Amino acid sequence: MQESYIRLAIFASGSGSNCENIIRYFETSHRIGVSLVLSNRADAYALVRAERLGVPTVVVSKEQLADEKVLLPLLRSHGIDFIVLAGFLPLVPNYLAETYEKRMLNIHPSLLPKYGGKGMWGRHVHEAVKKAGERQTGMTVHYVTPVCDEGGIVAQFSVDLSPDDSVEDIMEKEHRLEMEHFPKVIEMAVEEAFFRKKH
Numbered sequence: 005m006q007e008s009y010i011r012l013a014i015f016a017s018g019s020g021s022n023c024e025n026i027i028r029y030f031e032t033s034h035r036i037g038v039s040l041v042l043s044n045r046a047d048a049y050a051l052v053r054a055e056r057l058g059v060p061t062v063v064v065s066k067e068q069l070a071d072e073k074v075l076l077p078l079l080r081s082h083g084i085d086f087i088v089l090a091g092f093l094p095l096v097p098n099y100l101a102e103t104y105e106k107r108m109l110n111i112h113p114s115l116l117p118k119y120g121g122k123g124m125w126g127r128h129v130h131e132a133v134k135k136a137g138e139r140q141t142g143m144t145v146h147y148v149t150p151v152c153d154e155g156g157i158v159a160q161f162s163v164d165l166s167p168d169d170s171v172e173d174i175m176e177k178e179h180r181l182e183m184e185h186f187p188k189v190i191e192m193a194v195e196e197a198f199f200r201k202k203h
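Residue numbers (my numbering): 5 to 203.
None of these hints come from the bench; they were simulated from the model. Accuracy of the hints is not assured; some may be wrong.
Derived Cβ-Cβ restraints for the label pairs, each shown as a range [what the hints assert, rightly or not]:
hint : residue 1 : residue 2 : range
1    : L78       : R139      : 14 to 22 Å
2    : G121      : E31       : 32 to 40 Å
3    : L95       : E172      : 38 to 46 Å
4    : L76       : P167      : 44 to 52 Å
5    : E102      : E176      : 19 to 27 Å
6    : L78       : M192      : 24 to 32 Å
7    : Q140      : A70       : 19 to 27 Å
Please read these numbers as outputs of a predicted model, since none were measured by experiment. Glycine included, C-beta positions come from ideal geometry on N, C-alpha and C.
Can you build the whole structure from these sequences, using the hints too?
Structure follows, in structure tokens:
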């Protein structure tokens, strides 16, 4: 009997380099693929990247995101089994975190629990790392729960920093980790959620 095909949705708010990287990573997989890219911003470049790669896209308003009677049917219509947040800035509503419990991942550009929580996203994180004089930074992939940045950690990867590193240098070092590791961690989490427990 053929195994299930797991459909991912990527939620993104920005340029979408992670989004494109994830889509490309799963392009040749027979078990996992990206079936939808959702954004809260019509001008998010992630949507352009997805469309170029043949992945359906949708833009949702703040009100639509908050309304489970709108969002859950939308996700069901695309057969979405698992959600990946890749630079998605709005807070995920509780109903969505609960519906996709252990089936929704987020990436954070620091070694949580350091530099997490409200207001800690993007450049703000790297500025805080620089200001604190950290000798290491990294990325964290964690499950999404109703509490911001406090879901169970799935994987962390670190990189050494030099006192001479600028905020841009820190961003670049951390982003390279994301490009290398994030798709593999998603694959591992999906395997854990859908395939391994069957055996």
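Hint check results:
no.: 1; hint: L78 / R139: 14 to 22 Å; in the structure: violated (44 Å)
no.: 2; hint: G121 / E31: 32 to 40 Å; in the structure: holds (35 Å)
no.: 3; hint: L95 / E172: 38 to 46 Å; in the structure: violated (27 Å)
no.: 4; hint: L76 / P167: 44 to 52 Å; in the structure: holds (48 Å)
no.: 5; hint: E102 / E176: 19 to 27 Å; in the structure: violated (36 Å)
no.: 6; hint: L78 / M192: 24 to 32 Å; in the structure: holds (27 Å)
no.: 7; hint: Q140 / A70: 19 to 27 Å; in the structure: violated (37 Å)
The earlier numbered hints that this structure contradicts are 1, 3, 5 and 7.
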